[in-house]
Every structure is written in C-alpha cells, then in structure tokens.
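Chains as they are written, first to last, in our numbering: chain A, 179 to 561; chain B, 179 to 561; chain C, 60 to 423; chain D, 60 to 423.
Please keep in mind that the hints were generated in silico from the structure rather than gathered at the bench. Here the structure is a predicted model, which means the values were calculated and not measured.
Calculated lysine-lysine pairs in the DSS-like style (CA-CA distance at most 30 angstroms, straight line):
| hint | chain 1 | residue 1 | chain 2 | residue 2 |
| --- | --- | --- | --- | --- |
| 1 | B | K432 | B | K485 |
| 2 | B | K356 | C | K309 |
| 3 | A | K497 | C | K309 |
| 4 | A | K318 | C | K309 |
| 5 | B | K342 | B | K316 |
| 6 | C | K309 | A | K316 |
| 7 | A | K356 | D | K309 |
| 8 | D | K309 | B | K356 |
| 9 | D | K309 | A | K497 |
| 10 | B | K497 | B | K259 |
| 11 | B | K222 | B | K236 |
| 12 | A | K316 | A | K497 |
| 13 | D | K309 | B | K497 |
| 14 | D | K309 | B | K316 |
| 15 | D | K309 | D | K84 |
| 16 | B | K342 | B | K259 |
| 17 | B | K286 | B | K318 |
| 18 | D | K309 | C | K309 |
| 19 | C | K309 | A | K356 |
| 20 | B | K497 | C | K309 |
Pair by pair, the computed Cβ-Cβ distance ranges are:
| hint | chain 1 | residue 1 | chain 2 | residue 2 | range |
| --- | --- | --- | --- | --- | --- |
| 21 | A | R285 | C | E95 | 48 to 58 angstroms |
| 22 | C | G122 | B | D180 | 22 to 32 angstroms |
| 23 | B | K485 | C | A80 | 18 to 28 angstroms |
| 24 | B | K356 | D | L64 | 47 to 57 angstroms |
| 25 | D | D392 | B | K236 | 44 to 54 angstroms |
| 26 | D | D354 | A | S523 | 36 to 46 angstroms |
| 27 | B | L245 | C | G161 | 38 to 48 angstroms |
| 28 | D | D354 | A | T223 | 32 to 42 angstroms |
Glycine is no exception: its CB is placed at the ideal position from the N, C-alpha and C atoms.
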Amino acid sequence: MDLTLSPQEEAFRDELRGWLDEHHPGAEPEGDEAGFEFRRSWQKTLHQAGWAGVSWPKEYGGRGASLIEQAIYNEEVTRAKAPAAVNVLGLAMGGPTVIAHGSEEQRKRYLEPILSAEEIWCQGFSEPESGSDLASLKTKAERHGDEWVVTGQKVWTTLAHHAKWCMLVARTDPDAPKHQGLTYFLMDMDQDAVQVRPLAQITGEAEFNELFLEEARIPHANIVGGEGNGWPVAITTLMHERATLAFGLQIQVKIALGELMEKARSTTVNGGSAAEDEIIRDRLAQLYIESEVLRLNAYRGLTHTMKHGVPGPEGSLGKWQWADVNQALTELALDIAGPQALLRSDDWTYRFLRARANSIEGGTTEILKNIVAERVLGLPRLR
Amino acid sequence: MDLTLSPQEEAFRDELRGWLDEHHPGAEPEGDEAGFEFRRSWQKTLHQAGWAGVSWPKEYGGRGASLIEQAIYNEEVTRAKAPAAVNVLGLAMGGPTVIAHGSEEQRKRYLEPILSAEEIWCQGFSEPESGSDLASLKTKAERHGDEWVVTGQKVWTTLAHHAKWCMLVARTDPDAPKHQGLTYFLMDMDQDAVQVRPLAQITGEAEFNELFLEEARIPHANIVGGEGNGWPVAITTLMHERATLAFGLQIQVKIALGELMEKARSTTVNGGSAAEDEIIRDRLAQLYIESEVLRLNAYRGLTHTMKHGVPGPEGSLGKWQWADVNQALTELALDIAGPQALLRSDDWTYRFLRARANSIEGGTTEILKNIVAERVLGLPRLR
Amino acid sequence: MNFDLTDDQRAIQRTAGEFLAARYKPEELRRLALEEERGFTDEQWKAIAELGWPGLVVSEAHGGLGLGIVELVVVQEQLGYALAPTPFLSDVGAALLLEAGGEDETAAEYLPGVATGERRGTVAVWDADAGWSPTHSALVPGGEDGQPTLTGTKVAVADAAAADFIVVSGADGRHFVVDAGASGLEIEATEALDPTRRLYSVSLSETPARELSLAPEARRRAYEALTTALAAESVGVAQRAMEMATEYAKERQQFGRPIGAYQAISHPCAQMLLETEGARSVTLYAAWALDHEPDTSQLAAAMAKSYAGEAGWRVTAAALQVHGGIGFTFEHDLHFFLKRARANLHAFGDSRWHRRRVADLAGV
Amino acid sequence: MNFDLTDDQRAIQRTAGEFLAARYKPEELRRLALEEERGFTDEQWKAIAELGWPGLVVSEAHGGLGLGIVELVVVQEQLGYALAPTPFLSDVGAALLLEAGGEDETAAEYLPGVATGERRGTVAVWDADAGWSPTHSALVPGGEDGQPTLTGTKVAVADAAAADFIVVSGADGRHFVVDAGASGLEIEATEALDPTRRLYSVSLSETPARELSLAPEARRRAYEALTTALAAESVGVAQRAMEMATEYAKERQQFGRPIGAYQAISHPCAQMLLETEGARSVTLYAAWALDHEPDTSQLAAAMAKSYAGEAGWRVTAAALQVHGGIGFTFEHDLHFFLKRARANLHAFGDSRWHRRRVADLAGV
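Pulled out of the complex, with its shape left as it was, chain A reads as follows (with noise of 0.2 angstroms):
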C-alpha cells in the first residue's frame, strides 16, 4: 500500500501542472456563443501540446495515459480550473467507443476531428419515455438502400446545436427483444430533418437540448459495432462516461467544500460566524468526511481496475455516494445564508437547484443501488 506518486506519476503531474500554469486562458468570456468559441479554441491548444484524449491510445492521437495519470489529469484540470474541453463528449465517450467498437476506416475518419475539436459530438440515447429503461426506446431506423432513415424524439442532450455528430441509438428491428434490434449509428447532425430545441432546467439554464428527428438519414457505413449490436456498444459509452467523470466530480466536490467553508467562516450570524456554530460545524466536518471518502474510494477503484482489470465494489457506489454529498453540502450553503438564502445573491442558489438533477442525471440513484443489490451483492433481480 502506498498513497504516494510513484516517481513516473509525479513527473506526468509536474509536467502538466506547469503547462497548466503556463497556458491557463484565464476566465471564460460571458455569453453562451463566447463561450463556446473559448472552449473550442482551448481545446486547440490542449490538442496541440498532447493533452486532448490523455486516456487514448498513441496510435489514434492520445496520449496513453494510466489510469492513475487519468485521475491526475483531472484532478489538476480541476484544480488549475481550466476550462473544460468543449467536445467533452466526443473525447470521453465518442473517441473511446470508435476506438473499442468502430472499423479501422472509422478510427481514421473520427478519431483526429474530436481531438482537435473541430467536430463537436453529442449524445443521442434518452428519450422521454425511457429515462431508466434506455432499453425501451422507440427512436425507428428503416432501412432504404444503404441509407437509414429515422425518426423520433431524443432528449437530455447537450451541445446538440454545435454538434457535428450524434452518437444515436435507434430501433432497427421492432420485433427483436427490446435489447436486441438496436443500432448504434453516427447521425450527421447538419441535415434539415434534425431539429434542436433547448430544454431550461429548473435553474432556469438550458444546459440539454431535446432532438426531434422527422426522417433524418444515415449512411449504413456510419453504424458503430454492427447492425443490431447497439445495446453493448452504448454500454460502453456509459461506463466511459461514469468512469471519466468520477474523477472530475471528486475534485470539484473538494474544491466547493472549501468554498462553503470560507462562507462559513466568512458569514456572520447571531454576532459569531456560522463556523463557529456547533451544528453549522458538524455538519461541514461531515461533508469534510464525505468528500475524503469519495476521493478515496476513488483511489481505491483505480487501483483495483488496474490489477483486476475491472472495477471493484467500491467503483460502483461514486456516482450515487458524490449525487449524496454535493445535495447536502448545496443545502448546507443555504442553511449557512439564513434569510439570505430567499435571495439569489450567489452562485449557491444556482449550485442548490442544480445539485438536484445529481441522483438523477447519469443513472438514477435508485437504479445504481439496483446495480449495486444485483451485480455486487448477488441479490435476486426484481424485473
């Protein structure tokens, strides 16, 4: 057991932490468009010096990172708080799905455009009527000569307007079992039969998008991993997502933590700061704990995915243990605000709202405790 560097692993985060210091762009411009563009154009400068796709093979342009270096990636990306890529999706869940399940003519076609960011990828797999149930979607592919044409409704997507690809998974064979007669394609994004409409969450953003498809078209050539193979090829997408992301969302737990804890110390209540006060104070040492724990549970599921080559128990339970944690420490804020907390007067009003899509988004949490019951315990499978 040792919770140290090893020396190869702290010369890959000196190296990047200096870049990162050398090469921050500074805060993002206001305003969606500008933002946009900034990200884009960080993602270039990320893609020039090698750290675009850092978990990727060499061969297709990454960086061949371990997963110790993955998880050091994003740690100090967050920590520096660099921007994040803009083709967030094409580099966490597209590239890694092409390079696992497409053909060697995709490889050469995909890979290098989500690197340099100059192809957006979004993410075409909820609909409204199957939110847990992905299997159950409805989305039809028909096949007409080698073109697929179809039709339906797509739902929590995002980037979808500055996407050039969407990963879609569609029913091309109605009779099958519902795991089966799905198709996993790669949907040009720039065609007429494709509209996108924004979707405003409760925190009044529209971060996702719905996808509304009348009869878009598909080259054939343009399916991932075979006709009717799409139920493991979005599997593969989603635990690209959850693993990738588990780092990110550690850290950025840490980073919030610390920032309650200054407006802790830093707001005054009955003459001393909510700090000081017995119940403020146990609860944010609570969260001090929760949070550690989730950083290294973290650690530990790394470790065990490299020996083991999958994840252990412990890798299971981020996603739902951070949805727990980030939804009481943004209601610990508003408790610390006092009357305050009527008002939209900080960043907390809006991390409070958003934090209540965390059990939901990605896997509900009551279905990740199902995954957990069945797949780790052994428990008998209710459906």
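Using the hints provided, position chains B, C and D relative to the given structure of chain A.
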C-alpha cells in the same frame, strides 16, 4: 375544531384519575411470577370497579366508552404509571374478536373470564417461516369427527406459559388459495400436545415464546367466525391490536422523552450539562416535536374514525412513526451517556436494545409503508 | 375533543379551493411568476378582496371578519396547494401586526382600509446582515420623539413594490409604519429563490415613520400567527407535490411496470404522506392554540414552523426525484413548488432556529 | 500510487482470516461471551501469541515484529469480522502507549514481555464521570516525586482482570503504569452493552504507579493508532453483518419471493456496501498515514473513527431490520455484532467527538 375535552370527557377523565390515585397498587414486585400475579390481581381490581374492557359494549361487561374516552383511558393509565392489566391480549384483541365474530354462546363462555383475568389469552398467528407474509402460515389442522387435530409451530407468543386460551390461526384446507383455507380457533393451552419454549431476545429477556403443537386437539365448537373464514377474523384481531396500542405508545414516548431530558440535564459532559450542548439540544427538540406530531396525528385519527367510521390516512402512520421516534430517542440516550454508554449502567441500554424490535413487531415498517402506498395513496401493488 | 374543521371552516376551505383552482391554473401561475411585474394583477387582488380575505384576521371593530387563525391556515393551505402568487400573506402579516396594536391610533387608521383590501401592507423584518432570528433588528429610529425617521436597509421584503404601507421592525422589538412614497424610501426588486413571491430590497433614508405601540405579548402572537400561516402554506405545497408524485408514479412506465409499483418509489411516496399529514396536524394544532390556548401557542407555533418547513422541503425534493428528468425541467411545474417550499423553510426563522425555540420553551 | 495491500499484508490478512474462522466459530464466540469468565482462554491467547500478534506493533528493538499500523488494521478487521472475544486490542493499546515512550525505561522493561504475549496490558482512560473526550482525565498522582501513587476510579476498562499491567491516563496527558496486584488496586466486573468484550471498573487507592515519559506527539499517535484499529474492527463487524443480511435476503422467502428481490430490502443492503467500503477506504488511509504521513494522520484517524463508528452501527442496525424477528432473538448471532458496533461507536470518543476534531484539524 376544539382540542379541549367536552364536559363529559372531562368527567370521565376526572373519575378515572381519582380512582387511579386511590387504587394505584404501587410498584410491581421483582420476579416474573410475582409480577404476573400482581398484575392479575390489579386487573381484578380494575374489573370490579368497571375499568377493565372500557371499550367493550356494556352488554358484554365493558364500559362502552367512546374512542376519545378510550384514548383518555390509555393516557391516564400510562401517565399514572399504573401496571398493565395482565390479560392484555384478551382485553385488546381476543374479546373484541369474539364480540365481532363469535357466536352468542362463545360470547357467554369467553368474555367474562377475560375481564376478570381468570383466563389469560395468548395469540398464535406468526410462524418462523411466515413473518410479514402471515397468510403463508403452515400450521395444519385436520378434522377428526368433532375435533380438529393441529400440528405446527408458532412464534412471538407472549404470555403463552400463563395462557388458558390461544387465538390460533391454522390451515384447514391445504388446497385453497393461501388467504382462504385458514380457520380461527380458540385452543386450550392446557394439554401436553402444546409445548411452550421461552425465546430470549437481544435484550436478554424472554418476553416471547415459541409454541410447538404436536397433534393438539381443539373442539369444532371453538372455531370463531366459521371454518375457512380465518383470514378476516385474524385481521379483526390485528386491527384491534394496532388501534388499541397506538394511544399507549404515543404517551409512553412522551414519558420517555421527559426522562431523557432529565438525563440530559443531569449528565455532565465537558464541564456543562448535556442538555446545554447545541447538538443534543437540537435533537431533543426534534424528538419533542415528533412526539407531539405522533400525539396530534393520533387524535386527528380518532376524530376521523368517530366521524367516518374508518381511520383517516393519518391513522396508518402511528405505529411506523412511533418506531422511528422511539429508536431515535433511545439512540440519543446512548449518545448523551458518552463513555458510560459502553456499560449497562441504567435502564436505557435495555430500552435501546428493545427499541430495535419496534420497526419489526406488529407489522414491519416496510410492510406499513406498502400498506400506506397501496391503500392510502392508491399506488399499484408490486406483488 | 374534536380535531376536525367546523362546517364553517370546511365551507371556507371549499370556497378557497374552488376559487384558487379556477383562477390560478398552472399556466396562470407560470405567467404571473415569469411575466407579471408585481407577480399578480389588480383584478386578481380585487377578486380576493371580494372574498373578504384581506379582512380575515382584522377584528370586526376595524371592519374585518374577525376570524381566527384556524380560518387563516385553512385559506393559507389552499393558497400553498394552488401556489397562487398573491400578496395576501404579506398583507396578512401587516394586518396581524396592526391588530396587535390594539387601541393604537395608527392601527385604527390603517386597518379599515386593510380589511376591505383597499390598502395593502407588507412586513419588512430582516436587516441586510441579519442572522437567523426572524425579529432581530438593529434599526434605531432617528428624528424627534413622536416624529421618528428610519434609516437602513431591509432585505427580502415580500411584495414591497405593491404595498401601500410597510410595517418595519426595529431594535428592541419596536415596529413602525412607513407609507409607500414616503421620502427616502427606495424599493428595488431582487432576484429570489422562489419566483412565485416577489422580494424587494427596501432602503430607508431618514424616512418618516409612525411607531406602532405593541405589547410584547401581542407582537409575539402576531409573528406566531404569521409563521403558522407560512407553515400552513408549506402543508399545501407538500400536499400538492405529493399528489403530483403519486399521480406520476401511477402513470409513468419503466421496465414494463408503473414506477409506483417499485418500493424505491412507493416508499418515498408513503414518507411524503407521513410528513405532510404530520405537518398538517401540528399546524392545525398551532392555529387552534393561537385562537384558544395562548399559553401553549408559542411552543406550538415554533413546532409547526419547524416541522412543516422541513416537511415542505423534503416532500418536494422527494417528489422531484420521483419525477426524474422531467421534474428537473423548467417546463414542468414541480420546481415552483420546490422553490416555494425551500424558501418557506428559511423565511421567518429556519427550522433549526425554531427548534431552538422549542428546546427553550419545552424545558429541554 | 497503489491503494491496495502488499503481498505480505495479504498474507497476514489470509492467515488471520483462516485462523479466526477455525478457532472462533459462532458457538465458541457465544460460549466465550456468555460463559467464560474473562471472555477468552489461556490456550486461545497462546495461539494468538504464537502468531506474533502481541508483538505486531512492538519495535524490533524490544523484541516485537515492528510492523506498521496498516498491518495492525488488517488483523483488526479480521478480528471484527470474526468478532473474536480476545484481549488483543486492550493489549495493543497498552503496547502502543509503551512504544510511544521511546527510550523510557519502564517501557523498555515491559515491552519485551508484551512482544511475546507473556505480559498482557490494557488501557484505563475514562474517569467515572468523564465526558466525551477519550483522553481527558482529572486524575493527579499523589506520593513523592519518582514514586507516584494513584487514587481514583476508571470505568469501562477492557480486560482489566486479565491484564498483568494497566496503563492509566491522568491529568495533563500524563500516563502511568500500574501492575496487577498492586496495593489499593481493585478490579470489578461491570455489565457491558457488548458481551463480547469484558469491561471492568478499576479503582485505585494510593496505588503505586510508574510514570511513562511520553512526548505529546508520540502519545497522540498512540491513541490515533488505537482508534484507527477500533475503526478497522468496526469495518470487519460491518462486513460480516452485511454478508449475513445479504445471505438471509437471498434465502428468506416472503410473498413468494426471496426478500432480497424487494427494494425495501435490497436498497438498504446496497447502502450497507456503500458505508462498509467507505469505512474501509478511510480506515486504510488513516493507517497508512500513521505509518507514512504523520502530518495528516491526526485528521485521517479522526475521520476513520467517526465514519467507521457510524458505519458499523448503521450497517448492523440495518442488518437486524433485514432479518426481522429472527434477528431480534438472542439465539441468532447478529446481536453480538450490533452490540460491538454500537460500543465501538462510543469507545475512545464517539463519532460526534471525532467530527469536532475533524472540524478543528480541517480548518472549518
């Protein structure tokens, strides 16, 4: 809306209070046997003064008290710390079931000895294999002429070693669906075929027993409510259990909380009293509120039952909420004790351990939530 | 002993429910919250005034209905259920404080207009750097005796821009009435957590005010009635969110079943019932105590605000989880309820502050 | 970066697991808890001594194995999993404090016997009226300098009747060694919440003692190692209770299905995994920090004791609920785990006390 007692209710309370003042038999003697005889004699005293079976109709020797008066009765008896009547299951469950479903002959035979505590009753419903799923019980009764021959095992039977009569539910038709084919018997405990084995609990005490029945005999005339009709009769018994106990429970919680507040004031920690500690104080206040909510819900439920004949939605919640409150209360007692919690230095250790059963006995919290979800909220059944 | 509404109270409840259901449909709620500057229309206020609600807690001597706090919470629960954006509660708060003035001549001057709905008030309590206490203020009047002036800033004042007068709390429990349009008075809209209740920052600069003479007991009771009304609103909010969640759980299919068949959904729904009914019981009790048992009303009101505040939040948060993604969209109505519930938890002393009062009053 | 046990540590873990599974079967656990006066037999202690465990934390200079706290928690988790009644942890506590003495001559005299298991120690910390602090004591020695005597009472001293010597804490962080059989020493058995660990009341009356010279840093580390070992024990207890609950949930049928198919059972089981794994991660981290990162070990140990203490309790309580009635019977083994878990939560500072330390150390 009027939360004060009516003149009639006040008269009832004052009469009872005065009587209890005068006749309170003092503290229960040590030892199980001595305690039992003490409580039996106390019930005789109650009965002679017309204070046993207050909820029973006057024609069967009861007092015909209104629901509110019953509630007052339970509150006053608990508040006076008067001993429990010894024949609690006969009074609260057996008698009312015989009144509701028994024949006139049965009423004449069984009711008076219940009130006078000459014949003690016990309950043989639960079995090791059928806990929450009561209707799956396996104890089998076969008819041989005018007798039924019963073989099987029962568990969680209080008072079994003192009881003359057992309310026994057994399967008389193995081919019928599980809720049918059950019959409700009154079984004479005074036969060799009935073996009683005390069952120690995690507290170390043996409050309950196991019953082993090896071809026990029951006359056909001892069926209550008809052959094959045991399920609805048993439900009557269980409904009386929950309704009657609810009032005693909420008042017990209030008394226990008062004692806990006293313990907090008298426990010194880090130079002050535990009651001055902000976190202990907050938890005590929350328990105070919840115990009041329990009391208020109970009264609201009574009013609903008196007006509409059936309990309102809040009536289903008392047992469940009581378990939550009592468990939280006894856990807090240990937290207040500090290192002394390691020792069994006072009664709180017993109470703390005993409280673990609160969410299991008389309907698990999980089953109660199912009932609320299905019957009150109308959500679909899972099973 | 009768823990149920009287026939008259039921009639008020029914009228309120029907009136609000007809006038404040979800589209209208949304329109008022997002588009209407003051969050309500004059016509809507007029309709409310015609029902006599502004005079509900105003004594008959001052032209009101002279009803009790039980009647107030009956209406207030319905307002929460409908989530009707209206300055009613702000106005009631002002009326309660004026009524607490008893023989006070300022009160006598303002109350008849309040009773008819012609003169609308609100209450300004929190100093800009206030703590959790709902009544603590450092504001000390200047000016000469008998002609006080106020200088300072109050935050989170509901419906201030639509009020004809503002009851302002000051140091040592003193209260003052300031008229809209008084010199030095500036009212600025602030963005609020809850978009269905307009909040303003109110700054006073040597603003002339009239002091209300309030006996401490009467002042205390006014605030307790106000927090109990707020608790009742949270009960209504929780009730509605619970109904939305259970309806959705019956309809929404996942894995071949309505999601309400899964205990991961049905048990949280049962918990919603537990908390909503508990909040209703303790709120009704507090209201009754304010009307009939002044000795216990302090404790009862603190319990109601604390328990109902938490319940409103927990129920709406759980309802959002039951709804999943759709509940997180702005186009679904649920978030309005969630935001109101959370705001109510914090307004006029948060749950923890009221628990501390419970501890004091219950002799912990 | 490698958050996993080394091969050597895995070997220790395996040996401990196999040894304990063979020697401390449930019947034996029950017999020791209920019938054996001191809660263990000499033969059992001898077998433990043969494994070298008593010398695990004793430095090689004093005849021990000189292993780290990671190795200690590996063993301790297995002891919790088996719930083996043994004076091992009391003895380790004494050894840790003696080792903290460094060059101290008393330590040098006692440690070789401790290392071989011939001389067994325990730790007496809580004054009869102690608060939550695990180390605060008002005990001030009498007697002459160099020949101190102790007078006072310590409660909840584990395995005192079986100890050859007792390390006694006093005021200002001073610590003393008292030999079994010293004059004025009286040891009385007390009934404990947890029947698998014998507790005694230890009264001292002008009892001769030898003071240990402990640097504050070293003393602090000894207690941190002890609380981390206690945390590891709770991890083992939680692991076992979780396994018992999940096994039962797979077998027990109700309403025609194994109860583990119901989310009301399966989701609490998943929660057990979350808390058990979290407790394991933070406990291993604390152990590693004690061995390799002294600067962070205070905070890490406080986190471990707090989190694992709570987890042990919550997991065993939830496991009892999963078992239903059978789990409430004395004849089922689960209650022994529940009682140990709860006792561990309170021992050497309860979870809340350690959270307060976390707040201090993390700069809240």
